[in-house]
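Colleague: Sequence:
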Amino acid sequence: MNIRNYIYIVLLFISLVFFIYPVYLIFSLAFQSDASIFNYPPKFIFSPSLENLMFVIGSYKFTNYLMNSLIVTACSVTSSVIIGLPSTYVMSRYDVRWKQAIFSAILLIRFLPIVAITIPIYLIYVQIGLYDTLLGLILVYILLNLPFVVLLMHGYVTDVPKDLEESYEIDGLSKLSVFFKVTLPLISKGLLVTTLFCLIFTWNEFAVALLLTGKDARTLTGQIASSIGFNPGLFCASGLIVALPMIVFGLLIRKYLIRGLSLNLVK
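By the count of this note's numbering, the sequence shown reaches residue 301 at its end, each step adding exactly one.
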């Protein structure tokens with residue numbers, strides 16, 4: 035084994051430590067009591083405790099905020115896909131005027147800091163009565179997710195040959211039928227990947243939920259970010275509760291996720 039291989043192994047080990055240690059820290063601190071966390075010298079072997087998890091679940095109207103998160107995530111992601119997919123298809127298949135300008139505007143929206151978008155929206159929402167409402171939150175997340183849907187799905191749609199669609203149209207299918215019966219099944223894996231990324235972003239995002247909501251429409255991440263002081267155990271327990279649904283969901287569909295991500299690379 036030459037020096038280059040040793041360097042690769044060392045770099046791989048450092049990378050694993052860099053990514054795995056924070057995960058270990060979250061899990062370990064979430065299941066430690068305050069006395070165990072602040073014990074000196076620190077102990078790597080400890081008695082697990084559900085104290086932090088039970089405190090987080092029981093102290094912040096957990097069920098209400100969880101329902102808000104589920105409603106906002108489901109509605110915004112579904113709406114983003116329903117609006118974004120036809121828009122992407124039209125821009126990919128037809129000679130749309132100002133196409134490059136539209137894509138540039140989409141990129142600009144996606145690259146802007148979220149706070150730069152949220153502050154003017156906050157001022158508008160206060161004036162029109164959408165502040166601290168689920169509808170207002172859903173509309174903002176649609177605005178943030180749509181550019182991602184359009185940009186990512188554009189690659190998958192353009193990979194479907196136009197000749198294939200035209201051959202089905204010659205056989206008597208309408209353009210709408212061709213889209214649903216031919217194109218949509220071919221881009222389904224890409225659509226799944228896009229939906230998953232939008233789902234993860236919307237579920238984990240807290241800055242918008244923190245700035246545009248008060249008490250009624252606040253999501254789980256927004257409430258946790260605003261309610262917990264400096265307490266490592268509660269922070270980690272909260273992070274674990276928020277991350278767990280996405281971790282489980284990602285593990286369940288990991289096979290389809292990998293296939294969808296590799297689709298364009300193979301082509």
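Just to be clear, a hint being listed does not mean it is correct.
Said to hold, decoys possible - Pairs of lysine-lysine residues, derived as DSS-like cross-links and limited to a Cα-Cα distance of at most 30 Å, are as follows:
#, residue 1, residue 2
1, Lys289, Lys196
2, Lys133, Lys196
3, Lys209, Lys223
4, Lys95, Lys215
5, Lys223, Lys133
6, Lys249, Lys133
7, Lys215, Lys289
8, Lys196, Lys223
9, Lys196, Lys209
10, Lys196, Lys215
11, Lys133, Lys215
12, Lys289, Lys223
No wet-lab data here; the hints were simulated from the structure.
Colleague: Run every hint past the structure and note whether it holds.
Modeller: Do the hints match the structure? See the list:
1. Lys289 x Lys196: Answer holds: Lys289 to Lys196 is near 28 Å, not above 30 Å.
2. Lys133 x Lys196: 18 Å, holds
3. Lys209 x Lys223: It holds: about 21 Å lies between the C-alpha atoms, which stays within 30 Å.
4. Lys95 x Lys215: Answer violated: Lys95 to Lys215 is near 45 Å, above 30 Å.
5. Lys223 x Lys133: 25 Å, holds
6. Lys249 x Lys133: 41 Å, violated
7. Lys215 x Lys289: 24 Å, holds
8. Lys196 x Lys223: 19 Å, holds
9. Lys196 x Lys209: Given pair Lys196, Lys209 holds - Cα atoms ~12 Å apart, limit 30 Å.
10. Lys196 x Lys215: Answer holds: Lys196 to Lys215 is near 14 Å, not above 30 Å.
11. Lys133 x Lys215: 26 Å, holds
12. Lys289 x Lys223: With Cα atoms ~10 Å apart, Lys289 and Lys223 stay inside 30 Å; holds.
Violated hints, in rising order: 4 and 6; the structure is consistent with all others.
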